[in-house]
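Protein chains: 2
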Amino acid sequence: MTNKKNMTPVGGFPEYLPEIHAVEQSWTDRIRKVFEASGYAPIETVAVERLDALLAKGETDKEIYTLTRLQAEEDENAKLGLHFDLTIPVARYVAQNFNDLTFPFKRYQIQKVWRGERPQVGRYREFRQCDIDVINVDNLPLHFDAEMPEIVAECLMRLDLPPVTIGIGNRKILDGYLQGLGIEDTVSVIRIIDKLDKIGFDEVIAELTKAPALDPDTARRAMALTTIKTADTSFAKAVHAIGVTHPLLDEGIEELAFVIKELAHLPADAIQADLSIARGFDYYTGTVYEARFKDFPGAGAIVAGGRYDNLASQFINKKLPGVGISIGLSRMFGQLLAKNLIAKAQQSPSQVLVIWPRNADRECITGTARILRARGIRTECYHAPVKIQRQIAYAEKKGIPFVWFPPFEPGSMHEVKDMKARTQSQADIENWEPSK
Amino acid sequence: MTNKKNMTPVGGFPEYLPEIHAVEQSWTDRIRKVFEASGYAPIETVAVERLDALLAKGETDKEIYTLTRLQAEEDENAKLGLHFDLTIPVARYVAQNFNDLTFPFKRYQIQKVWRGERPQVGRYREFRQCDIDVINVDNLPLHFDAEMPEIVAECLMRLDLPPVTIGIGNRKILDGYLQGLGIEDTVSVIRIIDKLDKIGFDEVIAELTKAPALDPDTARRAMALTTIKTADTSFAKAVHAIGVTHPLLDEGIEELAFVIKELAHLPADAIQADLSIARGFDYYTGTVYEARFKDFPGAGAIVAGGRYDNLASQFINKKLPGVGISIGLSRMFGQLLAKNLIAKAQQSPSQVLVIWPRNADRECITGTARILRARGIRTECYHAPVKIQRQIAYAEKKGIPFVWFPPFEPGSMHEVKDMKARTQSQADIENWEPSK
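Note that the protein sequences, when read in sequence, are chains A and B. Numbered by this note's numbering, the letters in the first sequence go through residues 1 to 436 in order. Numbered by this note's numbering, the letters in the second sequence go through residues 1001 to 1436 in order.
Since the hints were derived computationally from the structure, they do not count as laboratory data. If you're wondering where the values come from, they're calculated on a predicted model, not measured in any experiment. Check the hints yourself; a few may be wrong.
Stated by the list, open to error - Which residues of chain B face chain A? A partial, calculated answer using Cβ under 10 Å: (1) 1007; (2) 1046; (3) 1053; (4) 1085; (5) 1102; (6) 1200; (7) 1202; (8) 1206; (9) 1298.
Beta carbons are placed, not taken as given, at the ideal position from N, Cα and C, and that holds for glycine.
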């Protein structure tokens, strides 16, 4: 019995005490409600995908966890991996269920995803994302590109978070601008620009002059858009002022202006046009989203997404354009937890603890609990007939707000102790309601 | 573009259309509510555990999925695996957080688990379980062994399922009885007896005479308890009538009689004493639970669990006895789905679809939707200004019960069409409520 198994937490796999997890769960409940309020239907895809589906659009550098059966026979090669986002799975799901879905298909998914990253501050290897996506056949109206950040802004408001402005960019602006500069390998350049927040301006310039071999002046000009952030459509003027022109650039500016205008009714600072947003995934083809906490921008994006016009085409001969956005719930939660900004909930969902004074009173206390539960009041009984003070201390520790004393003597009444007010009074079990 | 990726579902990984998943989600919501009504707190453990934690109590024959990083360096050996149940994880969690938890620790977990089984009818490789467990320090009162099936019986009632009787047995009865027969390797014998439902009586007898090498008469006597199933405590008499005696057998009978008596208030057929229950996991030390649908018992257990007095001791030098029960939600759901007993929900959570007749009316329809949403009514707008009939057909397909016509002409009124009643009438947007 001395050779105990290692139970030290494995880095990057977050796990919480009940009083913290209860907060996270209330967040997912609130987010779900906002998603459903706009008609997004819940679905769930399996955590395990074929490896070749996960390796979509050349994303071979994703840190995918592959699965092997511990007792697998030789030669058995499952070629299965854990999903690392919910976007590739929904594209596969839509292609697979094409004939049974009604389009535009609007769905949300609140699930864990896994990435085999090297553990580092703010990075998780298992984390929860809350995604909404809309996918249509052939064409997907641009107003959905505005609906995504609108719904997320509503979620963030309901969670009562520190300030977040959702940045909205457009891949066509960046791509068109780079093409206008005469750059050919725009994909590689965009991937490097996407690292701006992580490695800083000088390092991005240095990388751009290396692999894609831009000359220093072009590298600097390639970065010119990244400083343009406007609350309204004035970003267009700022881009034109640089003097680079390209048809794709104009198309992107027009799209982004439409999206920003659609969101004019949102509270100030809820969204902004932000041309520094590149997004690392190759599958984005137009609008892109990204958001961080204003007060700790270095802690990484907590919202991300964009439009992908061709993601499902790897599975099916259909044009199925989509747009989606993801709330990085675990990361968001983790950032606030690290700053001590999460207020603990109670350890138990119970509203009432029923006291058990003497062994003989067992049926009285279980019967009392049953009446309260049938009335919708969350109730637990203390588990042993010990000193009342110990039982009350248990309620105190678990944060249970009311302690109930059933009538143990003939003719006596139910009594209830309000733990916060520190008062005790008679109660009518058929009508008593816990105050909030 | 002709070389499409394989999107055929991988066997054993169930995934549903929105109208089916919505039902599954409503089930987990209802189960959660019942668990919380008795004071069980939600927690979540990570899906990934150290492999040696998963290989608890000699359970090396579990079909564990191990994880490898796709881009792992040579020699890197994570020794991580996906959890295959929620009992070993909670034992590890309690040991790890021992100083921060309040005991008795009552928690529920509704999570996916994974088993690398060979795909076969009714077996899943990814599936959801809904577990409650209570774990205490040193001693755990026996009345919790009654609370487990009581809470699950309540869950099953709330789901409005075909009849299920939860069988309750006790490992001590089986173990003591086998010892009373003079059998030494009771663990191996119990593992074989556990296969009764899968392989049948004759095959069990054949196996018992092989590896544990029982003589045919002892093998048959070892099976004598498996026919004893009683609604009350009369099982005790039936056991005594066999004439085998052992102190452990007496202890088990006493425990089971206590549990059955505690549950006398439940509706008839909710529970029964069932001495055929063995349970494959070695970690059970007393009470064991198992339930199947009465109408299709061959489809496998949908509820299982039991008491484990030593599970956490592999991690910590404490005595942390526990008892728990698990609803095999995916399996239960899958069995009913296979029998066409799941009534589809609507494809969309929307209560209202707002019609978009002309491009110019965009602001009017989004404004209308915002008012309805602010009033708590789940509302989506049709996505394009096409023929009204197409828009109504969309509501019909998605099962959206009301179609809303905002006032597009000055002086006209809001109107709402009830899709079921096929009536259309004026509506006051500030007071209208969707009927159920």
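Can you verify the interface hint for residue 1053 of chain B: is its Cβ closer than 10 Å to any Cβ in chain A?
Holds: closest Cβ of chain A sits about 6 Å from residue 1053 of chain B, inside 10 Å.
For the restraint on residue 1200 of chain B, tell me whether the closest CB of chain A is nearer than 10 Å.
violated, 25 Å
Take the shortest C-beta to C-beta distance between residue 1102 of chain B and chain A; is it under 10 Å?
Holds. Min distance 5 Å.
Cut-off 10 Å, beta-carbon criterion: hint that residue 1007 of chain B touches chain A
holds, 5 Å
Return the status of the interface hint for residue 1085 of chain B: holds when the least beta-carbon distance to chain A is below 10 Å, violated otherwise.
violated, 15 Å
Agreement of hint residue 1206 of chain B with chain A interface, Cβ distance less than 10 Å:
violated, 24 Å
Residue 1298 of chain B as chain A interface residue, shortest Cβ-Cβ below 10 Å:
This hint is violated: residue 1298 of chain B lies away from chain A, its Cβ roughly 26 Å from the closest one there, beyond 10 Å.
With a cut-off of 10 Å, does the beta carbon of residue 1202 of chain B approach a beta carbon of chain A closely enough for the hint to hold?
violated, 28 Å
Against chain A, run the beta carbon of residue 1046 of chain B and see if the smallest gap drops under 10 Å.
For residue 1046 of chain B, the interface hint holds, since the closest Cβ of chain A sits about 4 Å away, which is under 10 Å.
Checked against the numbered hints above, the structure violates hints 4, 6, 7, 8, 9; every other hint is satisfied.
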